[in-house]
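**Student:** Since the structure of chain A is already known, use the hints to place chain B on it.
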Amino acid sequence: MAALLLSAPAVAGWEPTKPVEIVVAAGAGGASDQMARMMQAAIQKNNLMKQPMVVSLKGGASGAEALMYMKSSEGDPNKVLIAYSLIYMLPLSAKIPFNWRELTPVSVIALDQFVLWDNSAGPKKVKEFVEAAKAASSPFKMGGTGSKREDHVLTVFLEQKTGAKFSYLPYKSGGEAATQLVGNHTESNVNNPSENLEVWRAGQVRPLCVFDKERISYTAKVTDTQSWADIPTCKEEGVDIQYLMLRAMFLPGKVTPEQQAFYVELFHKVTQTAEYREYMEKQALKPIFLTGKDMVQFLEEDDATNKALMTEAGFVAK
Amino acid sequence: MEAFGLLLHGFAVLLTWKTLVLMVVGLVLGIFVGVLPGLGGPNGVAILLPLTFTMDPTSAIVMLSCIYWGALFGGAITSILFNIPGEAWSVATTFDGYPMAQQGRAAEALTAAFTSSFIGSLVAVLLITFLAPMISSFALKFGPPEFFAVYLLTFCSFVGLGREAKHKTVISMSLGLLLAGVGMDTVSGQLRMTFGSAELLRGINFLVAVIGLFGISEILLTMEERLALRGHAASISLRVVLSVWKDLPKYWVTLLRSSFIGCWLGITPGGAIAASFMGYNLAKRFAKDPASFGKGRIEGVFAPETAAHASGTSALLPMLALGIPGSGTAAILLGGLMVWGLNPGPLLFVEHKDFVWGLIASMYLGNVVGLVLVLTTVPIFASILRVPFAAVAPMIVVSCAIGAYAIQNAMFDIWLMLGFGVVGYVFKKIGIPLAPFTLALVLGNRAEDAFRLSMIGSGGDLKVFWSNGLVGSITTLAILLLFWPVIDGLLARVGWTRRTSATSR
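Note that the protein sequences, when read in sequence, are chains A and B.
For the first sequence, UniProt numbering assigns the number 1 to the initial residue and increments by one for each residue that follows.
For the second sequence, UniProt numbering assigns the number 1 to the initial residue and increments by one for each residue that follows.
Bound-form chain A, shown alone:
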């Protein structure tokens, strides 16, 4: 711990002088919120920063609140955004005057998975699930977060690949989508692992398949019988849809290179902590650390992918 403290000033000439706000562009209990709280705890417990870190929930207007908040905080180095695919999608679907290139990229810290879940009383396999959905008199209800966003896009592609019809119900957060599935108010959702973890462990929902080209690597048992690695990929189950979502940190625009460097170093240290590693495994995230040119290149490519998906799903506002 002392070593960490000593090494900090040597790398970064600048340090925050007031509490740092970590801005969450989603509702309470969602994946972004949980991740922000993990980082807050990792930073405090390991003394990575002298100033405290506070989580600031700005999930209003489907996360647009957080984006505009960051945009209007130009030059303020005490705010970091924990961003996800909404930075590409929201400007397309709702014509929000926002461009991630106006913010200062710090680092990509994880990639998040999407899993198709149903109620534990529902069908056990993707095939049975699709058949049941096709046979149902009224379309299956698919819960998700927000409208015309990643969950909604996945639902549209699920419809295209399987021919089944779904009614997509946009909730305010992944946590809400999870409890609504447990209460049988929806038949399925495409939550991130972290959003459904607790209800999966409680035996209330069942993971059907993961939207990635390979299985999740974590083999430790999560429930009594299953680990993350036991969930088949959707491709294995005959539904070839792949989607991964970035989790990345951004500062507002027009901060100094020293300030940027401080946070690059800070989040690099966060990825070295036990808290981060535990969290990655528990929530079945893919660890990754990209910064500088690599990050910008990744963002440009990811932006193009998301734009293509949104266009194909017909969610781009004219």
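Among the hints, erroneous ones may be present.
Stated by the list, open to error - Straight-line alpha carbon distances no greater than 25 Å define the calculated PhoX-like cross-link-like pairs of lysine-lysine that follow:
1) A:K124 / B:K353
2) A:K18 / B:K353
3) B:K141 / A:K45
4) B:K463 / A:K134
5) A:K45 / B:K18
6) B:K463 / A:K165
To be verified - Per label pair, the in silico range of CB-to-CB distance:
7) A:K95 / B:G460: 25 to 31 Å
8) A:K127 / B:F130: 31 to 37 Å
9) A:A274 / B:D354: 21 to 27 Å
10) B:E224 / A:K254: 42 to 48 Å
These aren't lab readings, by the way, just hints derived from the structure by calculation.
Ideal Cβ placement from N, Cα and C applies to all residues, glycine included.
**Tutor:** Just chain B now, kept in the frame of chain A:
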């Protein structure tokens, strides 16, 4: 006794020096805003809310709810000493409290007010303690139709049971609903009524609106009315306190009745104001010598204060368990909960046990600490009223502006707050109630989302609101309440006809 164990756990969460200090600070601030005419519970809580954003949720809610208890206590001080109700729900306390002060029995009246406040809250907290765990087991039965039914119930009961003219309540509520629509629409993912402005993207923050509607408008009104403050000196000796307490058992019927009225009105959105009047009126109606009320009768202090506190406290139960605020202040606390990342609703009791039981434990502790605090600090608070209004008003305006700015760090919100101040002033002048407006602003979006999700799920079939016993009975109750004045009128006519026919025979 699951509740009892959880409650003990709550006390354990609470009993740290930091929390206790916050509690005392909150109570003192609360008494302060309660004593100041024109400020008061909802405004005090709204203005001080951003201060708590950096705290953990438990500390924050403890402090805010203590401001709330403090305001409830403080409201009685000015009513009795100066005949100025610091709070709307203390109006009924002035009827007998002020005459008592004039007869030199101020200490007695104050003790009676504080003690009955304490009893009212205690009864309500007991109710919360034992009902809350039952409510949380409802958790998973709530889907979009159920949520919408509950919101509908709230809106309808405001219209049907409110004391204001129905059309004015509806006007106020509709305006609130309209403004709630500004910003991003979650269901379609589109922007509405933002007119290309980035400032309006966030929607209209209801806290900004509340600070303007209540705080600024009240200052405007007070300026206009040139409120003169004149009062009686008061101090409380232990002897008086004990003699009032000794007589307490004599009034158990009044206390019990008022507690019951308070709890009932607190849980249904009638609010503390209605409860205090109802408590007073019923005590008067059932008294052997109703004529002695209004001339300095101690029961006339017991009755409204008990009811006001019981309803003020029990208003927190529907807020926590269903996400539906029973009073204006509860509505602001609800906003606070969401800011701190807690989703009020049935699952709050499952997912955030520490928080919920910490809060409930703080109701017990806060009330005990509050009682001691008010009994010892009356002379100090009474002296606030000797500060000229000209000096207090600017401070209030500045604190309102800071509060509005701090919510989203936006200068635009200060202009919005001032705009709402004018709206509030006009509304008060033409007698349009502000509470339905605020309620619609808080719940409008959720109600709309719940309705539209229900419609997506059912394929546009309205029968979904009667699809099971739970949602069906809530919806039916909502509609009954909406037309309650009509139904009540019909019942009264039937009763009236029966009575006249009986007498004519």
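**Student:** Hint by hint, where does the structure go against what was stated? Just the numbers, ascending.
**Tutor:** When the structure is compared with the hints, numbers 1, 2, 3, 8 turn out to be violated.
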